[in-house]
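Number of protein chains: 2
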Amino acid sequence: MRKIGIDQLEDIALGASLLGAGGGGDPYIGRLMALGAIQDHGPVTMLDPEEVPDDAFIVPIAMMGAPTVLAEKGMMGDEFRVLVDMISKYYGKEVYGVMPIEAGGVNSMLPFVAAARLGLPLIDVDGMGRAFPELQMVTYTIGGVKSTPMALCDEKGNSTIINTVTNKWTENLARALTMEMGGSTSVILYAMDGKTMKEYGVKNIVTRSEQLGKAIRTIKEGRGTPQENFLEVAEGIKLFKGKIVDVLREVKGAFNIGKVVFDGINEYKGQSAFVQFQNENLACTVEGKILATVPDLICLVDTETFIPIPTDQLKYGKRVLVVGLQCYPSWRSEVGIEIVGPRYFGIETDYIPLEERAQNV
Amino acid sequence: MRKIGIDQLEDIALGASLLGAGGGGDPYIGRLMALGAIQDHGPVTMLDPEEVPDDAFIVPIAMMGAPTVLAEKGMMGDEFRVLVDMISKYYGKEVYGVMPIEAGGVNSMLPFVAAARLGLPLIDVDGMGRAFPELQMVTYTIGGVKSTPMALCDEKGNSTIINTVTNKWTENLARALTMEMGGSTSVILYAMDGKTMKEYGVKNIVTRSEQLGKAIRTIKEGRGTPQENFLEVAEGIKLFKGKIVDVLREVKGAFNIGKVVFDGINEYKGQSAFVQFQNENLACTVEGKILATVPDLICLVDTETFIPIPTDQLKYGKRVLVVGLQCYPSWRSEVGIEIVGPRYFGIETDYIPLEERAQNV
Chain A
0 MRKIGIDQLE
10 DIALGASLLG
20 AGGGGDPYIG
30 RLMALGAIQD
40 HGPVTMLDPE
50 EVPDDAFIVP
60 IAMMGAPTVL
70 AEKGMMGDEF
80 RVLVDMISKY
90 YGKEVYGVMP
100 IEAGGVNSML
110 PFVAAARLGL
120 PLIDVDGMGR
130 AFPELQMVTY
140 TIGGVKSTPM
150 ALCDEKGNST
160 IINTVTNKWT
170 ENLARALTME
180 MGGSTSVILY
190 AMDGKTMKEY
200 GVKNIVTRSE
210 QLGKAIRTIK
220 EGRGTPQENF
230 LEVAEGIKLF
240 KGKIVDVLRE
250 VKGAFNIGKV
260 VFDGINEYKG
270 QSAFVQFQNE
280 NLACTVEGKI
290 LATVPDLICL
300 VDTETFIPIP
310 TDQLKYGKRV
320 LVVGLQCYPS
330 WRSEVGIEIV
340 GPRYFGIETD
350 YIPLEERAQN
360 V
Chain B
0 MRKIGIDQLE
10 DIALGASLLG
20 AGGGGDPYIG
30 RLMALGAIQD
40 HGPVTMLDPE
50 EVPDDAFIVP
60 IAMMGAPTVL
70 AEKGMMGDEF
80 RVLVDMISKY
90 YGKEVYGVMP
100 IEAGGVNSML
110 PFVAAARLGL
120 PLIDVDGMGR
130 AFPELQMVTY
140 TIGGVKSTPM
150 ALCDEKGNST
160 IINTVTNKWT
170 ENLARALTME
180 MGGSTSVILY
190 AMDGKTMKEY
200 GVKNIVTRSE
210 QLGKAIRTIK
220 EGRGTPQENF
230 LEVAEGIKLF
240 KGKIVDVLRE
250 VKGAFNIGKV
260 VFDGINEYKG
270 QSAFVQFQNE
280 NLACTVEGKI
290 LATVPDLICL
300 VDTETFIPIP
310 TDQLKYGKRV
320 LVVGLQCYPS
330 WRSEVGIEIV
340 GPRYFGIETD
350 YIPLEERAQN
360 V
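If you read the protein sequences in the order shown, they are chains A and B. Going by numbering that gives the first Met the number 0, the residue at position 147 of the first sequence is 146; the numbering climbs one at a time, nothing skipped. Going by numbering that gives the first Met the number 0, the residue at position 150 of the second sequence is 149; the numbering climbs one at a time, nothing skipped.
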């Protein structure tokens, strides 16, 4: 158990935006909301997963939809109270604590808003170890955990409880409601007991985000060059370095879908590469050869500051280092690949671990 | 209190299809399901509204979406059990009885399916006294009754509870879910106590359907011509008589929207008329002059058998009598006209009661 104050929160936000692998939107809005909540209510108590009793009833807190929409329309303020009350009443159980469902911009921060405002502890665990675009894409699905009963509400006061026969149906129904409600909603799903969380969750991911954030912030203090330091703390494999020459983007079914194209710089001069994305980055292709795909993390960072760049901030001329990070091990299982492998996203290649692909370059 | 067996049910189905004013789809599928349920479980007990205690918890039963889709994909069979259990658990109250929400094809019959299967009484009341295309269009909305908490489920086993800030939001969210679930769902909304039902419901509407059905069935036994007998029992005003020469139809947001055009026959020879519809008939224009609009009922019946013709069965060449029926009085209030008047449906005219328009022809 430890306290998360404003300094720790800043590092967590920065580190989580790297693990977001392009997704989760601008961390700015989520960070601002979490900072405000901690300023108002004091530091948040963070529990190690092992500190949570097996029978404790715990709930992930997240937003669904486009973070840019959330930034525009805002929240009414008591969404998390509404959600926690709904789910608590529906299950007939008191909520013991909250947790994030994914790393990445807004959704790494909103659980801190809920924890601070509701006076609940936050558990150092999530269901992805990164960010993914759809609700069924969590390690809990690999474990056969049901996503519902789910609670969903908007900033106007509308709310729903959803029960489904598969986690993919949860995605479909919650997405339809979110679009009808104006493009963003607040949600609780995969409510579970402590035992299930410890068995299938990605443990200590918030602490990992904090370490990454701190390392990026102090990148110039290390022994090597900043880039060497960055690759070492991120445990990253360098995939490419280039200048953005084109960004193709469309919004389809509430997803940001597209492709960013680079011309190589420095040691990559004369080469060309591109990264495809659906909210998160899906695959990186250099000189016609795929170097990394989901579920491994493909992260774009600024070549000078190493600040991660979400897909919605990609701009012509930006100089970017493309880095691959190994995903959480259970994503590499057969079921994991079925749920979030390249073919699910329409990329016609088998999944080959990042580090194996790198050896063949 | 009286028992509704197979004979009464046949008359109710026929009469309700007249009050459906073109909507509700082919009564065949709903009638078939209700007949099956009564054959399996015996006659249904129907209560007069005044027999229901003020504090009894009663629920309307209906389907949402396109009846033609329901006919194709069917039901799993225990939807009503799922809905009644959900709503009962959510409110923490036992369900005392069920009721229809509208007259018209399928939705006049499904409450009988639920009543027979669940062994609950059915109450002789509804919320429209006719059929309307959207969920907020009930006399309960005029009375300020909330449509939610609402229960909605599909035939695959997905189910939701919806809470909204307005009855129009209920329509929007339930419609989005229904479309995502494949075009038809089963619903309970406007769950209420006996007192509220007695204050705002359209009372004895099932009995009225039965009387209308019986009259249509025995139309040749009356004193006058069949048409005179029909207009007398229906308390209808003759608007036009013609042959269908064109049907314009499109499906938009899960609604059947369109227009049917007639060339006059007999006393209307040489004249032309058309009826606009959105699931239900909205307005009747004869020789360029509007003779009737919502919320009054515009009903198309066969000129020989006086069997009502739903909008999805309109066909070139069919000979049709167009009849206007006065709507339930509270629809003619200011709030009523706001909810279901001609302008809500995009027809640019003030509401003038049917019988006044008829005097000026």
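Take the hints with a grain of salt, since some may be wrong.
A pair counts as met if it fits within one copy or between any two copies, since identical chains are not told apart.
Straight-line Cα separation of at most 30 Å, BS3-like style, residue types lysine-lysine; simulated pairs [what the hints assert, rightly or not]:
{"#": "1", "residue 1": "K258", "residue 2": "K2"}
{"#": "2", "residue 1": "K92", "residue 2": "K237"}
{"#": "3", "residue 1": "K197", "residue 2": "K268"}
{"#": "4", "residue 1": "K88", "residue 2": "K213"}
{"#": "5", "residue 1": "K258", "residue 2": "K145"}
{"#": "6", "residue 1": "K317", "residue 2": "K145"}
{"#": "7", "residue 1": "K155", "residue 2": "K2"}
{"#": "8", "residue 1": "K314", "residue 2": "K88"}
{"#": "9", "residue 1": "K167", "residue 2": "K251"}
{"#": "10", "residue 1": "K145", "residue 2": "K155"}
{"#": "11", "residue 1": "K92", "residue 2": "K155"}
{"#": "12", "residue 1": "K167", "residue 2": "K88"}
{"#": "13", "residue 1": "K213", "residue 2": "K92"}
{"#": "14", "residue 1": "K268", "residue 2": "K194"}
Hints listed in this document are in silico derivations from the structure and should not be mistaken for laboratory results.
Same-copy or cross-copy closeness of K92 to K237 [CA-CA at most 30 Å]: neither (47 Å within a copy, 61 Å between copies)
field: Homo-oligomer pair classification [K194, K268; C-alpha up to 30 Å]
entry: neither (51 Å within a copy, 79 Å between copies)
- request: Measure nothing new, just compare the shortest in-copy and cross-copy C-alpha distances for K258 and K145 to 30 Å and report within, between, both or neither.
  value: neither (33 Å within a copy, 47 Å between copies)
- request: At 30 Å max between alpha carbons, let me know whether K197 reaches K268 within a copy, between copies, both or neither.
  value: This pair counts as neither: shortest intra-copy Cα distance 46 Å, inter-copy 80 Å.
message: Within a copy, between copies, both or neither: which one fits K167 and K251 at a CA-CA cutoff of 30 Å?
response: both (18 Å within a copy, 26 Å between copies)
message: With identical chains, the pair K92 and K155 could be close in the same copy or across copies; at 30 Å between alpha carbons, which is it: within, between, both, or neither?
response: both (26 Å within a copy, 28 Å between copies)
Within, between, both or neither, where K145 and K155 count as close if Cα-Cα is 30 Å or less: So K145 and K155 pass the 30 Å test inside a copy (28 Å) and across (16 Å) alike.
field: Copy assignment of K317 with K145, given that the CA separation must stay at most 30 Å
entry: neither (42 Å within a copy, 53 Å between copies)
message: One pair to classify: K213 and K92, alpha carbons no more than 30 Å apart. Within, between, both, or neither?
response: neither (37 Å within a copy, 54 Å between copies)
task: State whether the alpha carbon distance between K155 and K2 is at most 30 Å within one copy, between copies, both, or neither.
output: neither (33 Å within a copy, 45 Å between copies)
message: I want to check one pair: K88 and K213. Are their C-alpha atoms no more than 30 Å apart within a copy, between two copies, both, or neither?
response: neither (40 Å within a copy, 49 Å between copies)
query: With identical chains treated as interchangeable, where does the CA-CA distance between K258 and K2 reach 30 Å or less: within a copy, between copies, both, or neither?
result: Neither, since 40 Å and 67 Å both go past 30 Å.
Consistency note: the structure conflicts with the earlier hints numbered 1, 2, 3, 4, 5, 6, 7, 8, 13, 14.
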